[in-house]
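If you read the protein sequences in the order shown, they are chains A and B.
Going by the working numbering, the first sequence opens with residue 470, and the numbers climb by one from there.
Going by the working numbering, the second sequence opens with residue 470, and the numbers climb by one from there.
FYI, nobody ran anything at the bench for these hints, they're computed from the structure.
All values derive from a computational prediction rather than experimental measurement.
Even for Gly, the Cβ is constructed at its ideal location relative to N, Cα and C.
Each hint can be trusted.
Distance condition first, Cα-Cα at most 30 Å in a straight line; then the derived DSS-like pairs of lysine-lysine:
#1 A:Lys1031 / B:Lys1023
#2 A:Lys1071 / B:Lys1031
#3 B:Lys740 / A:Lys744
#4 B:Lys962 / A:Lys740
#5 B:Lys1025 / A:Lys1023
#6 B:Lys1009 / A:Lys1025
#7 B:Lys1025 / A:Lys1025
#8 A:Lys1009 / B:Lys1031
#9 A:Lys740 / B:Lys740
#10 B:Lys1025 / A:Lys1009
#11 B:Lys1031 / A:Lys1025
#12 B:Lys1031 / A:Lys1023
#13 B:Lys1023 / A:Lys1025
#14 B:Lys1025 / A:Lys1031
#15 B:Lys1009 / A:Lys1031
Far from chain A, some chain B residues (derived; all Cβ distances over 12 Å):
#16 Lys485
#17 Ile503
#18 Pro620
#19 Ile632
#20 Val747
#21 Thr772
#22 Leu784
#23 Asn820
Listing some non-contacts, in silico: residues in chain B with all C-beta distances to chain A over 10 Å:
#24 Glu482
#25 Met535
#26 Lys762
#27 Phe983
#28 Tyr1076
Protein chains: 2
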Amino acid sequence: DEESVLVAATLVEDAKEGRNLSYILSGKCVKSYIVYNNKWFRWVLYLAIAVILAMAACEYPAVPGMELPYWATMIVEFFCLAYFTVRICHAMTFQYNNVFFKDTKNVVVIVVIFLTFLDMICFIIWKNVATTGRPIRWSRFLRPLFIINFPDGKQIRRAFRNIRRTVPDIMNVLILFLLSVLLFGLLALKLFYRREMHYPDGSPYFATYFDSIWDLYVLVTTANNPDVMMPAYNRNNWFSVFFIVYVILCLYIFMSIVLAAIYNNYRRNLKNEIKSAVFMKRQRLAQAFDLLKVLRNDVPVITHSRWRQLTSVLLPTKSHVYSDLMMKILDDDNTNVLSKKNFLNVADLMNVHLSEVKDRTTLQEKLFPNLYNHPISKKFKMIVRHRFFRYLFDLMIAINALFIALDLDVADWFFLVVFAIEILCNLYVAGIKEYFNRFWYTFDFLVIGSALIASIVEKIMGRSDEELQTLDVLLVLRVMRLVKIFGSIKRFKVILQTLLNIGTSIATYGGVIFVFFYTFAIIGMEIFSGLIHYYGYGEKIENNVLTAFCGNEKLKDSFFYKDQYCGNNFNHIFKALVLMFELMVVNQWHVLTSGFVQVTSKAARLYFFTFHMCTVVIVLNIFTAFILEAFILEY
Amino acid sequence: DEESVLVAATLVEDAKEGRNLSYILSGKCVKSYIVYNNKWFRWVLYLAIAVILAMAACEYPAVPGMELPYWATMIVEFFCLAYFTVRICHAMTFQYNNVFFKDTKNVVVIVVIFLTFLDMICFIIWKNVATTGRPIRWSRFLRPLFIINFPDGKQIRRAFRNIRRTVPDIMNVLILFLLSVLLFGLLALKLFYRREMHYPDGSPYFATYFDSIWDLYVLVTTANNPDVMMPAYNRNNWFSVFFIVYVILCLYIFMSIVLAAIYNNYRRNLKNEIKSAVFMKRQRLAQAFDLLKVLRNDVPVITHSRWRQLTSVLLPTKSHVYSDLMMKILDDDNTNVLSKKNFLNVADLMNVHLSEVKDRTTLQEKLFPNLYNHPISKKFKMIVRHRFFRYLFDLMIAINALFIALDLDVADWFFLVVFAIEILCNLYVAGIKEYFNRFWYTFDFLVIGSALIASIVEKIMGRSDEELQTLDVLLVLRVMRLVKIFGSIKRFKVILQTLLNIGTSIATYGGVIFVFFYTFAIIGMEIFSGLIHYYGYGEKIENNVLTAFCGNEKLKDSFFYKDQYCGNNFNHIFKALVLMFELMVVNQWHVLTSGFVQVTSKAARLYFFTFHMCTVVIVLNIFTAFILEAFILEY
Ligand code: NA
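Using the sequences and the hints, build the whole thing.
Here's what the structure looks like:
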């Protein structure tokens, strides 16, 4: 009987937390499941995933200064993988085997762990036996799968599920779009090829069908507008009609339809997600109810004593008073027992914070009650709470802005002290707990606190070699103070509040994009690392054969070199991630592509095309769909 | 009494057509109103607006070969304005004066007509009296107001009303966004100024606050990414964080929020529009009912005889049978009279096509009944209607595509004849009326028909001087044939059908964008025409002082000249409109801007910034909102 209370409590906890991992409802399995959900084990998992992803900085091609020998990174990797194995085996202990192996995410994790071990063994053999050829760690691009496929990455997995479900539905639009590009490519080839025109750099204009399609695909991303049109437009004004029709159709109409189709599917999937989450929650609560129920007049109910048993397991830190209060709230038909209908609300109730009144007194009130409640102190609190007090400090920020704009650094200590005093006043009045519950107060505290520390450090250390970097940090902090004024203007408050509310979801999409970035970055590093280097520009560097043209003679006369893009390369993970970001912003992506095409072959376009399709056309549009929906619901 | 029937009929007609112009409900005024709504007067108005807009091609700076002396364009303009005056005076005859002058659109038209006359007089005096300085036609940019402000441009006015109502609601987001740009601009200036870096062309990097803001605003449009980052990124990898944070915040988050806010407002406004349109319709129908009603058992109704009177005015071409049928449909409670509730449906019923059965026979059946109904003919019709017949011709299109791809023009006559035969078969089976009701049939007819005519013309005329242009037309038509295959693939049908359904609304937004383009083009021509010319490129042209650097020495060493953008100028209206389109596509707009800044001053940035804000940030986002909503409703 004690066991069934434990199982019921776990089911209620699942419903409260929105967990949907299945497990066997026996005492042993449930205990194992509770250990599995321990937050420390979860945080170690997050750490292990972060570490295995971060290894890319130390593995070849490593970030300069962070290189580690291959056995060192492999030992770290081994411990991460070992923890993953333990974790996944732990999950096996409380699940039926057929359920466990039917779950794709478990299978994916097992396969990736296996492939990574295989890759490590291959690499060690290759490294030590074969003396020629550069050994490749070919499994590294699979690492982000750990983020998605452990049950702990619920949010991000949901976003990926949404993408997976949306893609088939927008396929028709995408195929129609790509067919249109093929058709226009044929037309452009026929129209322009026989006129033998040239781009400004002398390269031929729409010379082959493949180039024709590529140029037009790039035009849909707008990256080569108007350059792609200019030779034809200069020849005959009417040729502009071709490009205008193409852009209107493929960019403005088709791309809007892609967004519309994605938005439509996103909303539908969201609705289904919510429905199934609610269903899952009710199912768990119903199971818990069945375990706890007692028949009273042939009606199954939960009695007061059963409820006490449940809450003593579910909320061990809370008092009996609290438990009775909860029961009173749930029992809205005043029968002194909980019907099934009553009980189904327990998870929602637990997610509402019922704060007990005694917590309201601030720390300073507890420590110095006489001082805190003294008339002078009360008068002071009244002043600080008055809106003129806030206006005064908003004015100080404005004056501070003026000083920054005019490059007057002398008064900075004065402003720092003034803002520090403001913080102390607010802290005194609001109390620590209340203070750090407010976003703008916390923001203020962090910015001014960091600035104070940095200023003191700078004062003590004196102007050292790194003076510029301390100054930069101070500068950023100084300008960030001005941000606070946005938070105090009423018309912006609702926008910023909305942004804060959807902040975690935005972070989820940040995670999704990171997964794509990391995967493509690793693949890109395997293909393109070491082909392009940044050595600087100028005559001296150009005269040295080794350093000229980004260290690769093939880039001579290329736009990539002329635009001084040598710094955009795949030579280590951070460079590669920045390059991914630049490609996501789209502009000049065809020039970046052309650089890597020039040092390899035209097949490299496939890599950049795939990245654009995945990240820009699909993920960014889903992100826009998410913002649209979130803003419409919140605003 | 006959008068009240006429008034009632007019009110019903208004409700059917969705007209909402107010007028006095007297016989004389209504007759005047009916004349005002005559479609010929309306088409003359459209023509006059088109002509006055087209005058920009002939006025200074005119399209080469289309120049007219100023008095010639002014005479044409005078007649257009005279017609506008007549039209607006006509509208005055059937409206109360206070209603007429309270209506903004009437006031705008009157003011624009007045200003244009004033401008014409000023110009004539300036031209003939003052001998120095170039006289300016300063009122020309107001011409698009005629499109919006005549009652006949209902659709486009509605779109503008939507924009006008949306802008105040998104102001907060836009201001917050612009303030963020200002703040980041300050930070960038502080961070980079003292490091004295340079762009690849040697120009200083974030040297002044104004330049700093400009560069960052351009970055939000992505047009100078990654160039704006490269100098700092090459100096220190960590500076990339600044740009990445900026782009994420200002581009991905703020711009998505702008779209969300616009979409939100668009939906709300659309709902209000529909509500008020429905209200207006019911109001007019209620008025009509009150004019026609008779009391029967103290209940106001419309009797059969009254209905006959109404329909004889409303639908003079239809028979009594048709009128009685309509009444029977409306009278859904079988009382043999129309209650008010019954009558309110009349406008909707009139918009449904009740085609009479006798129309179903095709023309060929009427002319040769024996031949058409002969067994062989019936067999033939069965074959043509069979899906294998369609598959056969789809296959022919695929083969045709192959021939085009392989540049085999020899078989083109064969394909033309084959497709012409297909058209004749379909025409025979479906009949003319049914044939031209189907989009893909009509499309086919136009494409093949034009190709046949062009091919015959080419055959007869022989390869003349303009051979290339005939060939181009044939080529386009040849490739367009392939489009038909999209229409016969099921998965694309629903997308294309949706596109066709929202086609007219898309055209409305095309009109809105044209209004912005025209206004900005005229203003741009007044400011920038003649400053940049296209003379070609190459050594010979660069050695001539007059033709070098787009004919303007200030463009030496500029990106504008290096990228060979001389053809993008304001030298006549068509060039200007193409330039507007390029600016709308955004890419390289800062280079285009820099060219015009170099030949004038940095103040020119204001023109390009305003264009970007109006067209890209507001109108294009509203267009996206429209597509989103339309697609979600239709798909
Ligand atoms: Na761009």
